[in-house]
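Chemist: So the sequence shown is numbered by our numbering: it starts at 1 and just counts up by one.
Derived by calculation from the structure, the hints in this document are not laboratory data. Don't take every hint at face value.
Taking CB as the label site, the calculated pair distances span [said to hold, decoys possible]:
#1 Q163 <-> R89: 15 to 25 Å
#2 G258 <-> H116: 29 to 39 Å
#3 N25 <-> R89: 44 to 54 Å
#4 R89 <-> S186: 26 to 36 Å
#5 K256 <-> N94: 50 to 60 Å
#6 Q87 <-> L217: 27 to 37 Å
#7 C131 <-> R317: 42 to 52 Å
Owing to the predicted nature of the structure, the values given are computational and were not obtained by experimental measurement. Glycine included, each C-beta is placed from N, C-alpha and C at the ideal position.
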Amino acid sequence: MNPVKIVIRHEPMERWEEGDEGLRNLIRDVLFFVKCSLSSGQSTVNFITPPDKTGTTSPPLMKDPIQRHNYLEIGIVADGTMGMWWQGRLDVCNAGTVLIIPPYCPHLPHVPLSFHHYPSHRVLWLLFPNCQCIAHQCAFRDKIHYFGTYWFFNDEKLFHLGQMIWQESLRRGEWSLDILGGLLLSLLGVMLKVPSHPPIPSYRQLRTVLEGVEDPLVRSVYRFLWQNYYRTLKLSDLATAFNYSPFHLCRRFRQKIGETPLQSLRRIRIEIAKYLLRNFNFPISRVSEMVGFSDQFYFSRLFTRFVGMSPKRYRERNSKGGS
């Protein structure tokens with residue numbers, strides 16, 4: 001009898017949880033938790049790294065592929081309990097766990113702790129590619145993985161603080177836990193102060209796309225699509241935002257642009273995905289999430305239809321070195 005493959009559904013976060021404000025609220029909560037933990041003298045913050053040697057525990061049989069990034073990643077479990085499989089070991093990560101995932105480490109987050117045990121949790125993820133810091137939050141409830149928007153934080157100090165946390169975790173000296181706690185507080189504090197933006201905040205080709213289009217409504221709708229490409233948008237959302245009926249808004253937009261607003265949204269997402277594939281070495285599944293697709297396989301099919309080649313093939317032919 002063939003083993004049953006575990007399938008976890010991926011959905012964008014609810015609007016009240018996502019966005020820059022929602023992410024900063026989570027960062028503030030985590031910072032407060034770390035600060036209280038360190039000042040109490042009995043730290044409940046637990047820094048963990050993958051095993052030095054590959055363990056013997058097989059990865060769960062999941063539809064999601066094992067992840068292996070070529071950049072540092074730090075995950076902070078804000079509440080609940082998460083199962084983390086990495087390098088042949090399954091760790092139970094309670095609230096306050098800080099996972100330090102070095103480059104090229106095979107790992108799989110959000111795994112069940114037993115076949116029918118899927119504990120709820122929320123995690124703040126920090127990625128450090130190409131001297132940058134990128135953050136997003138996700139939550140897990142009822143076998144559904146809710147992922148939030150990815151935000152770029154514009155301060156190179158964050159990248160260096162992340163690298164210092166990784167290096168100190170390798171030393172594990174007498175004062176390492178105190179040093180790690182201090183570095184993490186500094187990292188989170190800087191994140192609360194510096195500006196952030198979602199990937200590709202401005203559209204360099206906007207003038208070309210709208211060349212000859214004088215209709216102010218259509219121009220505004222197109223800019224709205226670009227600024228919100230990473231969100232789950234429906235035609236009714238656009239109609240509400242611009243106080244038009246869905247039918248009239250769609251017809252007017254199509255008359256001027258030659259395609260519906262949602263068709264333009266897909267095209268915008270593919271253009272941004274091309275940029276991310278050229279300039280970063282994010283996994284295809286992560287690129288899919290970053291541009292607003294909850295289904296990686298649908299994204300790959302759509303990308304292939306628009307571009308004429310798969311995302312993997314496009315990256316191989318156009319990569320600028322990645323991160």
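Chemist: Now look at each hint and say whether the structure bears it out.
Modeler: Structure-based check of each hint:
Between Q163 and R89 the beta carbon distance is about 24 Å. The supplied range of 15 to 25 Å therefore holds. The given range of 29 to 39 Å is broken by G258 and H116, whose C-beta atoms sit roughly 51 Å from each other. Checking the proposed 44 to 54 Å range against N25 and R89 shows it is violated: the Cβ atoms sit about 32 Å from each other. In this structure the hint that R89 and S186 lie 26 to 36 Å apart at CB holds, the actual value being about 29 Å.
A hinted range of 50 to 60 Å holds for the C-beta pair K256 and N94, which are about 54 Å apart. Hint check: Q87 to L217, Cβ distance near 54 Å, so the stated range 27 to 37 Å is violated. For C131 and R317, the Cβ-Cβ distance of about 25 Å falls outside the hinted range of 42 to 52 Å, so the restraint is violated.
Against the hints set out earlier in the document, violations occur for numbers 2, 3, 6, 7.
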